[in-house]
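Take a look at the letters that make up each chain.
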Amino acid sequence: MKNKRLLSFVIKLILFTLVASFFAWSFKSGYYQLIIDDSEGFIFLLKQHINMVLLSILLAIVLAIPMGILVTRPKFQKLQWLFMNIANLGQTIPSLAILALAMTWMGIGFKPAVFALFLYSLLPILRNTVAGIKSIDPNLLDAAKGIGYTPAQILLKIELPNAAYPIMAGIRTAVVINIGTAALAYLVGGGGLGDWIFTGIMMRDNSYLLSGAIPVTLLALLADQLVRFIEKLVISKGLRQSITISD
Amino acid sequence: MIKFDQVTKVYGDKVKAVDNVSFDVPEGNIVVFLGPSGCGKTTTLRMVNRLETITDGKIFVNGTDVNSLNEIELRRKIGYVIQHNGLFPNMTIEDNVMAVPNLIGWDRKKKADRYKYLMDLVGLNPDEYRKRYPHELSGGQQQRVGIARAMAADPPVMLMDEPFGALDPVIRTRIQNEFLQIQQEVKKTILFVSHDIDEAIKMGDAIAIFQNGKLMQYDSPSELLAHPKNEFVREFVGKDRALKSLSLHTVEDLISERMLRKLDGNENSNKKTISVETNLRDALSILLNQEADQLVVQANNKLVGAMKIDDVEAYLHQHIK
Ligand SMILES: Nc1ncnc2c1ncn2[C@@H]1O[C@H](COP(=O)(O)OP(=O)(O)O)[C@@H](O)[C@H]1O
Ligand SMILES: [Mg+2]
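Sequence order for the protein chains is A and B.
Numbering-wise, the UniProt record's numbering puts 153 at position 153 of the first sequence, and it's gapless, one number per residue.
Numbering-wise, the UniProt record's numbering puts 243 at position 243 of the second sequence, and it's gapless, one number per residue.
Since the hints were derived computationally from the structure, they do not count as laboratory data.
C-beta: ideal position from N, C-alpha, C; glycine also.
Please note: incorrect hints may appear among the correct ones.
Here are the computed distance ranges between Cβ atoms for each label pair [as the list claims (entries may be wrong)]: (1) 6(B) x 156(A): 35 to 41 Å; (2) 74(A) x 198(B): 53 to 59 Å; (3) 154(A) x 127(B): 25 to 31 Å; (4) 74(A) x 65(B): 25 to 31 Å; (5) 178(B) x 180(A): 30 to 36 Å; (6) 242(B) x 156(A): 51 to 57 Å; (7) 105(B) x 189(A): 53 to 59 Å.
Which chain B residues stay away from chain A? Per the calculated CB distances, all over 12 Å, these [unchecked claim]: (8) 23; (9) 46; (10) 77; (11) 228; (12) 293.
Think about it this way: if two alpha-carbon atoms lie no more than 27 Å apart in a straight line, the pair counts; the simulated DSS-like pairs of lysine-lysine are [unchecked claim]: (13) 157(A) x 131(B); (14) 237(A) x 131(B); (15) 116(B) x 157(A); (16) 14(B) x 78(A); (17) 131(B) x 232(A); (18) 157(A) x 111(B); (19) 109(B) x 157(A); (20) 109(B) x 75(A); (21) 237(A) x 111(B); (22) 78(A) x 157(A); (23) 77(B) x 157(A); (24) 237(A) x 109(B); (25) 75(A) x 16(B); (26) 237(A) x 116(B); (27) 3(B) x 110(B); (28) 16(B) x 58(B); (29) 116(B) x 77(B); (30) 157(A) x 110(B).
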């Protein structure tokens, strides 16, 4: 136990040192000068990137959560298998292929990029919504029904609040994956920080490469923290790690 | 108050979980549904608030066929307690207790008063627990909250499915006693599922004992113990039914029949003081465990006399067979 903790500490330390020295090196080499020199261009791409992610995630939430609710209703139980398989299929197709498919249908630009990202975010949210609702203790639902909650009240006051943790975790996963995947939008002319990353790759220019890639990484970390903060606000305190108490 | 009229429940088209059951539950009584696992107790209970449909027959609550009522309205007027209390982990204790009043839209003042009354009733400090969550409470405390929640809108009828079944024996005994005390005050009509004969004897004004969905016997605990109707009931009640029925009688009952002895003056004799309200089973077990050779009986802090094993035995022979 103690050894394990020590080991994980050492690994963290090594990683941290590597990352820190990488930053020191890249700063000293002036690779981020581009962000300052072309700050207008940077902000434009950053905005594009964030817009793509936000829009696709919002669309995914608006579709996946109701879908998850629908397929966990007893009446539609049979649909669950179908929906999960479709969503799974969506996830198995490589993101590049989805982009390509979206492009053949919607042309190039912002739209196919958002569409592809949206498809890609559906599964984590849908899967977690379904798993979260299904994992609720049946005794809770029985108690709620037994004291006179209507089905809608059970959904809104019992099922969703008690499944909030997995649902939010699904959204968080989708956001983080999406921020990375959105870099591919460049390929269909969707813009975003991918423009600089791919320019950097093609011109073998570390300046472009890092001025695109590092902000994407930081954005993902920031978004992860932001969603965690929102989780604290929307998830009931009663669902925090439970402690067992004896009489 | 509650009437079962030839009630049958068939699951699918094979499993006859409840088979043509009829009986009446008078107002203010606790009736315990007793029997081995799978005999249909829970199903019988759940048909009353229509958590299960009734395949055949009728159930009346307060003279009204439950099937003629809106099921949501019906459930809000019937208290419901289950074994694993079913408290909502996302809600505070106050919101849990006030779940039904919130559904039916009581005003703030009425809710606040009721919350305080209920928490006091079940022995929890209203303010201390108001903002806490179920996971911060022990099993016994959670079950008290579960009972408070069931009584929130003051329903005349309560359904309780093995409410104390998951508690350890010491806590269970304490909560049983507290609940009987609460019942003295609130006088609800209660259907109470149990698979424990001792609990049934203790809690029940009457016991309905089931086997394979059929009602075997419906009687007061003392009748059930004294005259089991058939082999199954005799078997279920146990060979020590005479002993069990002692718990239905108190030292006071014994005194009303027999004069107590004078206190044995022997210095060496081992004495223990008990009150007249002690039940005879507990009295006997003190004597048998050799905690004392004779029991000194007290009423209102005054000595009444002493009793020994022979007295209990004589009473047993006279009253219980
Ligand atoms: N939802 C259900 N579907 C099918 N059979 C059931 C269902 N609920 C209970 N049963 C069956 O009905 C019988 C009575 O069950 P139950 O009322 O739960 O018994 P008890 O509460 O006395 O243990 C059992 O044989 C059980 O398997
Ligand atoms: Mg049962």
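Output the numbers, in ascending order, of every earlier hint that fails for this structure.
-> 2, 5, 9, 10, 20 and 27
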